Every structure is written in C-alpha cells, then in structure tokens.
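First to last, the sequence lines map onto chains A and B. For the first sequence, the positions run 108 to 581 when my numbering is used. For the second sequence, the positions run 108 to 581 when my numbering is used.
If you are wondering where the hints come from, they were derived from the structure by calculation, not from laboratory data. Keep in mind that the hints are not guaranteed to be accurate.
Said to hold, decoys possible - Derived CB-CB ranges, DEER-like: (1) A:Leu172 <-> B:Asp535: 48 to 56 Å; (2) A:Glu155 <-> B:Arg517: 42 to 50 Å; (3) A:Glu132 <-> B:Val309: 53 to 61 Å; (4) A:Ala162 <-> B:Glu525: 57 to 65 Å; (5) B:Arg496 <-> A:Asp161: 29 to 37 Å.
To be verified - According to the in silico footprint, chain B covers these stretches of chain A (three or more CB under 8 Å from chain B): (6) 118-125; (7) 130-142.
The model shown is predicted, which means the values in this text are computed figures rather than measured ones. Glycine is no exception: its CB is placed at the ideal position from the N, C-alpha and C atoms.
There are 2 protein chains.
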Amino acid sequence: MSPEEFRRWGKQVVDWIADYRAGIESFPVRSRVAPGEVRAKLPERPPERGEGFDAVLRDLDEILLPGVTHWQHPGFFAYFPSNATGPSILGDLLSSGLGVQGMVWATSPACTELETVVLDWLVELLGLPPHFRTDAAGGGVIQDSASSAALVACLAALQRTGEDVARRGITRRHTLYVSAHTHSSLERAARLAGIGADNVRVVDTDPDTLGMDAGHLDELIAADLASGAVPTMVCATIGTTSTTAIDPVREIGEVCRERGVWLHVDAAYAGVAAVCPELRWINDGVAEFADSYCTNPHKWLLTNFDCSALWLADRAPMIEALSILPEYLRNAASESGEVIDYRDWQVPLGRRFRSLKLWSVLRWYGAEGLREHIRGTVALAQEFAGWVRDDPDFALLEPHPLALVCFWPRYPDLPVEEANARTHRVLDALNDSGDLFLTHTKIDGRTLLRLAVGSPATERRHVEAAWDQIRRAV
Amino acid sequence: MSPEEFRRWGKQVVDWIADYRAGIESFPVRSRVAPGEVRAKLPERPPERGEGFDAVLRDLDEILLPGVTHWQHPGFFAYFPSNATGPSILGDLLSSGLGVQGMVWATSPACTELETVVLDWLVELLGLPPHFRTDAAGGGVIQDSASSAALVACLAALQRTGEDVARRGITRRHTLYVSAHTHSSLERAARLAGIGADNVRVVDTDPDTLGMDAGHLDELIAADLASGAVPTMVCATIGTTSTTAIDPVREIGEVCRERGVWLHVDAAYAGVAAVCPELRWINDGVAEFADSYCTNPHKWLLTNFDCSALWLADRAPMIEALSILPEYLRNAASESGEVIDYRDWQVPLGRRFRSLKLWSVLRWYGAEGLREHIRGTVALAQEFAGWVRDDPDFALLEPHPLALVCFWPRYPDLPVEEANARTHRVLDALNDSGDLFLTHTKIDGRTLLRLAVGSPATERRHVEAAWDQIRRAV
Numbered sequence: 108m109s110p111e112e113f114r115r116w117g118k119q120v121v122d123w124i125a126d127y128r129a130g131i132e133s134f135p136v137r138s139r140v141a142p143g144e145v146r147a148k149l150p151e152r153p154p155e156r157g158e159g160f161d162a163v164l165r166d167l168d169e170i171l172l173p174g175v176t177h178w179q180h181p182g183f184f185a186y187f188p189s190n191a192t193g194p195s196i197l198g199d200l201l202s203s204g205l206g207v208q209g210m211v212w213a214t215s216p217a218c219t220e221l222e223t224v225v226l227d228w229l230v231e232l233l234g235l236p237p238h239f240r241t242d243a244a245g246g247g248v249i250q251d252s253a254s255s256a257a258l259v260a261c262l263a264a265l266q267r268t269g270e271d272v273a274r275r276g277i278t279r280r281h282t283l284y285v286s287a288h289t290h291s292s293l294e295r296a297a298r299l300a301g302i303g304a305d306n307v308r309v310v311d312t313d314p315d316t317l318g319m320d321a322g323h324l325d326e327l328i329a330a331d332l333a334s335g336a337v338p339t340m341v342c343a344t345i346g347t348t349s350t351t352a353i354d355p356v357r358e359i360g361e362v363c364r365e366r367g368v369w370l371h372v373d374a375a376y377a378g379v380a381a382v383c384p385e386l387r388w389i390n391d392g393v394a395e396f397a398d399s400y401c402t403n404p405h406k407w408l409l410t411n412f413d414c415s416a417l418w419l420a421d422r423a424p425m426i427e428a429l430s431i432l433p434e435y436l437r438n439a440a441s442e443s444g445e446v447i448d449y450r451d452w453q454v455p456l457g458r459r460f461r462s463l464k465l466w467s468v469l470r471w472y473g474a475e476g477l478r479e480h481i482r483g484t485v486a487l488a489q490e491f492a493g494w495v496r497d498d499p500d501f502a503l504l505e506p507h508p509l510a511l512v513c514f515w516p517r518y519p520d521l522p523v524e525e526a527n528a529r530t531h532r533v534l535d536a537l538n539d540s541g542d543l544f545l546t547h548t549k550i551d552g553r554t555l556l557r558l559a560v561g562s563p564a565t566e567r568r569h570v571e572a573a574w575d576q577i578r579r580a581v
Numbered sequence: 108m109s110p111e112e113f114r115r116w117g118k119q120v121v122d123w124i125a126d127y128r129a130g131i132e133s134f135p136v137r138s139r140v141a142p143g144e145v146r147a148k149l150p151e152r153p154p155e156r157g158e159g160f161d162a163v164l165r166d167l168d169e170i171l172l173p174g175v176t177h178w179q180h181p182g183f184f185a186y187f188p189s190n191a192t193g194p195s196i197l198g199d200l201l202s203s204g205l206g207v208q209g210m211v212w213a214t215s216p217a218c219t220e221l222e223t224v225v226l227d228w229l230v231e232l233l234g235l236p237p238h239f240r241t242d243a244a245g246g247g248v249i250q251d252s253a254s255s256a257a258l259v260a261c262l263a264a265l266q267r268t269g270e271d272v273a274r275r276g277i278t279r280r281h282t283l284y285v286s287a288h289t290h291s292s293l294e295r296a297a298r299l300a301g302i303g304a305d306n307v308r309v310v311d312t313d314p315d316t317l318g319m320d321a322g323h324l325d326e327l328i329a330a331d332l333a334s335g336a337v338p339t340m341v342c343a344t345i346g347t348t349s350t351t352a353i354d355p356v357r358e359i360g361e362v363c364r365e366r367g368v369w370l371h372v373d374a375a376y377a378g379v380a381a382v383c384p385e386l387r388w389i390n391d392g393v394a395e396f397a398d399s400y401c402t403n404p405h406k407w408l409l410t411n412f413d414c415s416a417l418w419l420a421d422r423a424p425m426i427e428a429l430s431i432l433p434e435y436l437r438n439a440a441s442e443s444g445e446v447i448d449y450r451d452w453q454v455p456l457g458r459r460f461r462s463l464k465l466w467s468v469l470r471w472y473g474a475e476g477l478r479e480h481i482r483g484t485v486a487l488a489q490e491f492a493g494w495v496r497d498d499p500d501f502a503l504l505e506p507h508p509l510a511l512v513c514f515w516p517r518y519p520d521l522p523v524e525e526a527n528a529r530t531h532r533v534l535d536a537l538n539d540s541g542d543l544f545l546t547h548t549k550i551d552g553r554t555l556l557r558l559a560v561g562s563p564a565t566e567r568r569h570v571e572a573a574w575d576q577i578r579r580a581v
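Extracted from the complex, chain A is given alone in its bound form:
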C-alpha cells in the first residue's frame, strides 16, 4: 500500500470510526451472537489474491459488528470502563504510523524519553511521591496491563528477598498475600513466577469495608516465617474489581516494613481518580510504604488499551531480575548507563511507542479536562447510588466512593440462593435488551449487580434510562 493509497483508505477508516462513534447508540450494547456464529460467516480459507480495503470495511460491518460488544457505548456499565477517546486513538495511530521499536533507548530514543516524561507528569498529576520519578531511584513504565505489572512487581520482590531467584530459580517456599477481593492476576503472577497458587495466602477482610485486615496479615506472615517460608509480596488493592473496596495501605505497609516484605499496590481502576485532589485520600500510605504501584490510564483515564502505568520506589531489583544483554543489542548508550532501556522493565522485549497516546490524552484534555471527566462520572454514579438508596425494592452496598455502584434487588421472601437466581435472570433480561450492559459480582454469598459509570459518552440521561429499566425489570 503506497503512501497515497494509505492516505485515501486512511481517511475512509477515520470516517468509518467517526460514523461508528456518532451512531453507536443504534447498536445493542452486548453482542447477541451465539458461539461460532461469526466464525461460520468468515471464509474457511485465506484469500489467494489481494483485495481492496473496501472489502475489509464491508465485512467489518456485515460480519464482525454483530459480534462486537460495544465497550464505548454510553449504556456500557459492565466490568470497568475501557475509555478509548479520540486523542488516544490518534496517538496510537501515530505510533503505528511511525512503526518504531523502543526495546532499548538506542532503537528510538524519543520512544523511551517521552515515556519517562509522561510518567513523571502522571506522578505529579496523581500526587504520587517524587521517589517514583525516574530521576530518583524509582521510575515509571507503561505495561500492557495490570496483570503484567503485578508479575513484574512479583519478580522484583522475589529478587529482593536475596535468594537470587533470577539465577538460581525458586529454591525455597515463597509466599504472597492477597485478600479474597484482590484481582485474580495476583494469583496468576504467583503461578507464573513459580511461587504457585498454594502459596498465595488469603488474608481476612473487614466485613464492613471489605478491606484487608492488617492484623491477620501479620499473623499469616508470622506463621509462614515460622514454617520456613519466605514471605515475598503483599498486594494491597485501592479499588477492588468486585466493589472498589480500598485496603488500608498504611496499616498494611507498616506490617510489610516491619516484616521486610515487598508491598505492591494495585490501583488499576481507581488510582487515576487521584487527578482530583479531593480523591487523593484513596492513596493514603502509598508514598510512605509502596514498593510498586500500578494504575491503568486505559481504564478510566481516557486512554485506549493498552496503557497500564507501573511505578517502582526502587527500580534496581526489577532490572536485576529482568536484564539480559545479548550481543546484538549491545550499544554505546546502554553501556554508558545514561539511558533507560525499558526492555528491562517488562516481560516482552519489543515495545510500541505507547507513550504517544498517553501524551496525546494529557495534552488534549489537560489536567482540567481529566479532573472534569473523573468528577463527572463519579457524580453520575453517586446520583445513581442515591436513587438506589431511596428505593425500598433495592439494597445498596456501602461505601461506593468512586464510579462503581453495587446493589441488589431485595427479595425479602426468597432464600438467598433463589434471590440470586432471580437477580441473574434480571441481569440477563437487562443485558438482552441491548440498551445497557451490567455485570455482577458475589459478596458473602449474595449476587450483586455492578453499574460502573466511566465512558465520556455516558450522560445523565443514559444513567436515568438505565435506572428506569432496572426498576422495571426486577
């Protein structure tokens, strides 16, 4: 495809996306296809001859779109938001157009240096501690996801135990601490790193706040130490996936410091809320105690996937765990020690120019625009929570400080299992309507509906319509 052909087709693709976004409310939010339905419409065999890009766009409309769940739809309240805004799409397009590799500084210096700058900007925007900046001992890096960030943190934590796991492998029993509400990626990190799921300890949570019980954490660590294990990492969560519960980072941090255990803070969803000074309390204790901290601009901060920000208080053990320098990557800049080679900060070797999209977002919206987005979505969620609270047919899970509201229809005459089944039928009916998409979670044996506000496309009228529909469905 020549540059001129790209110019022509590129503008058609831009038009396609603009039209798609402008008309997104005409689609059912959740795809209605059955398993295998999309596949059955696609050719069994690859094309022998090339085709025009119009054929791709035609099949996108006719075959693929019915199989797409529209995450950017204003009625998408499921999971957590996955904001893919205009400036982020354009930043990502520039990354594709440049087509450079940023595995080491020397392979494209701007790719590395812009990443450092925007992550330092984000430290300031979120009120994170200055030692997370790369000009201190720490530093930030863009990961593909909070799962990979957790794995990198876990590898750094293993290295810091002094067992030299990178060289000798796992030779003792290492333990990792989570709560029942910690994201499953932490157990996954333990499996991947050779720690094993059996060595993941589940710390009790406070029945009211659903936050981790620091006292129980300390007991578990003590018991593991007594049995000869190496307590390696604790994960505290700021904004759990289930309900946005917030672990007491400060109390957990004190235990970690006392016991010499790495503290990873997973704020994948909620951390970006700290662009608003009035929400910075969620990060209490992070500055003093976090060894690593992760939050995802690709969820709620207007930047399209993948863009997960990971910071470390001390980057040395991570680099020790991950750095290998084969001859064909040797270069004067790396050997000078004056540059960052982000390949030593992540699982893969290759890397896109991902900072371009975050840079585009930060510049297009500015700090003001980011705060407005967070405040606006939190306000809508709080308004929705008020409606739920005032309705005797519903119960509301407290607290709900951010933009996720968990609630359930009261069925006072039904045993919990039957009430849960009925809640699931309500959920299915709502999602089948095509007007909105909610997901669920389970707390203390009870099925809860989750409504997460977060798309810049979602206006008050969409939340009102959702509430109206939910009330009619129960």
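Since the structure of chain A is already known, use the hints to place chain B on it.
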C-alpha cells in the same frame, strides 16, 4: 473529542503519516540525538489546560522526530525488519476505534472468533500441521511478542511435567535447553517462571551450521535426569537472531520425544518465510515434533507490532497453567465450554482486537502478495550476498538462506581484536552517515556486520547504495 472533531483531526493524522512515509528518505535512518536531548525539550510539568491536536503534531515534528530511528526507512537493515504496512496500520486503527476488550469470548465474540480464523488461515498459508488448528487439540493465539510466547510455552511445559507447578510452585530443579544462539528471551522465560538462569543448559552447536547438536542435547538431558532434575523444555530455533541459523528440529524432536521433554520452536523471524512453498523446508520436523511454535507476522510479514503468533499442539496444559475464573468474569458462554477464552492463553488479562490488523494484511496482500514480499526481500539479500562473496575485501558467513546476510571486512594483517575494533568503527561511520543502519553480532569471537533486508520500501537501489557505501567505508 467529539466524533466530528475526531473526523477532522483523524484525517490530518492520516495525512501526517502519508507525508512521513512518502518523505521518509529525507531523515537519517538512525536518530542522532544524545541521551536526554529529547527529554530536555519537553515541558517539565504536565499541561493544566487542554490544547488542540495541532500542538501535538507540531511537537511531534519538532521535538520527537529528531529522536526517532526510522524503522520503516528503506535504508533500515538493522536487527530484523519490523514491517508496519498501510493495511496493518488501518486494521490497528479499527481496533483502537472499536475499543473493545477480548479477554473472554463473551466480552466481544468477534474479537475471539476472528483471531481463531486468521490463525487457522496462517496454519494453511505456512503449511503448518493441521493439529495446530483450534478445531483440533491445539490452537493458535496472538501474543505481543515471541518473548511472551516463549514464557507461555514454558509454563505449559512446566505444567506437563506432572509437578502441578501452577498449584505447588517450583519444588524441584527444572531444566531448559538452548544453544548459544537461542534468543535471550528463553533464558528470560526461565528466570520469570522460577526455573532460574543457572538451570538453562547451553547445548553445543555445529561449527559450520551453528545449529544445535542433538547428540549433545541428549547427553545433557541424561546428565540432568541422573542428577535428579526435571528436564522441562527444549527450544529449537528456526532462524536465529544472530545469523538466521536453523536448528535441526527433527533430530532435536526425536530426542525430546524419547525423553518426554516439551519442544518449543522459536521461528520468530524466519517462520513466516514458509508462505513460500520453496522455503517450507525450514520447518522440517515441526509437524511431527513441535509442542509449541512461534512466528512473528510483526517482523517480516507486513503486520505492525504487536502480532506474534503462537500455536500449540495441545492447548490443555497451557490452559491448566493459566486459567483462573473470578466471579465477575463468569458467563454462560465460558461455562458451556463451546468458546475460547484467550485470556487463558496469555500473560495479561485484557487484550486488544489484534486480529484485525493481521486480517487486514492477509486480505490486502493475499497469499500471492505475501509470497511476493518474502521472495523479493530474499532475492535482494541473496544478490547482496553475491556481491560480498565476490569481493576479496570481505568474508561472508554461510549459509544465508533467508534475507539476513552476515559478513565482515577482512583485515588479514590485524589480530582479531583489532579487526573487530575496526569493524565497529566502520559500523559507526556507516550508521552515522544517516543513509543506512546496520547492526552487528559476534560469532567465534569475531564481530560480524548484519544486513537484514525486509522492508517493502527497500528497493534494489537501496541495497546497491548500501553496498557501495560499505565498500567505501572499510
């Protein structure tokens, strides 16, 4: 940014990319900035107010471009190619525009089903065995990189040893087998998975072919077994990074089968060459012996990063190693067992609609176009190798069956260390010229220059000019 604003700015970004590509030869291939130079030109602090996208494009031109190494330049002969063609950029743009998550089938069915289809197409296009197809016991998945693919293979291999590493962690000494020419990502996978670098055995290579010595592999496995270790995975490489050497997969596979060890085949660069039937010999033994196989369309097959294809002969141990199902991801489709949830096939949880770019490439070029690209770049490299061979001032590394040529200037009067230093000075002078970019490797203590042809922008005149400049530089 409204859909209409996106339409306007999007077309400007498309124009920017088309102009960049049309004028790419006006840039020095390798960036000339010094460490910190780009960073120093960027503001210390994030913007408080939002700005127009024109400000982003202006700073891209003025601040970032001087710090970019132009991987899509026709004079880029370094590392391996990283093709970012028009249709792949547009497919990726569509992925950004849709902004969907494909972590499980239910979160966007088309995202999963198109991926399955295009990877099945690729099985046919590359002549890979039908048991790699998802409708058999195996299956293909797009990973971000061959490094992550190697890690996934390693985790599956660990699981298949019967030690239930996912649950119990690493409790015995596991060993992994590579050659000195295997990509460093394999040692990295061993570190990440808790096996440890010390348990990576380096198998001898044949001094002529640089391929792994299957007899020595068998000896090492036997010795490890005798010492109580668990031989877990062998990595055979088809097209090493250093010199595109090809390990004897069939002989290695026979050892692996006999010994019950997982065989991973890393064909990251070279595997895609098998779109040409006359090059399918490189995959000899894969059909019979490979437990996992990886090749990167994002290198030489016209698809922009990230798009690394991984296939497994049996997906079960991988899924056993990686699958965790939290409540908020439970859904009827997953529980029916009728669908694929690719989240269980990779390190991260979230995933982009990456198959769109591969689909766009396969349709735009067709099998014919892909073969033409591979044949054209191989022919240019072979022609270049001929010029080197015929020049008494140069020595050529044989064989060079693909599109990488390794060679060195003969300095018959210099000891090898001095000759190497001089070769490095030649390399620096060439790269400083801005006309071309080569990298180097080291074989048997000798520094070799690597010239990798692979960009669709590279024409015969660029290779001729490179040769002319190289001859003048020695």
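Tell me the hint numbers this structure goes against, listed in increasing order.
Hint check: 5 fails alone, others pass.
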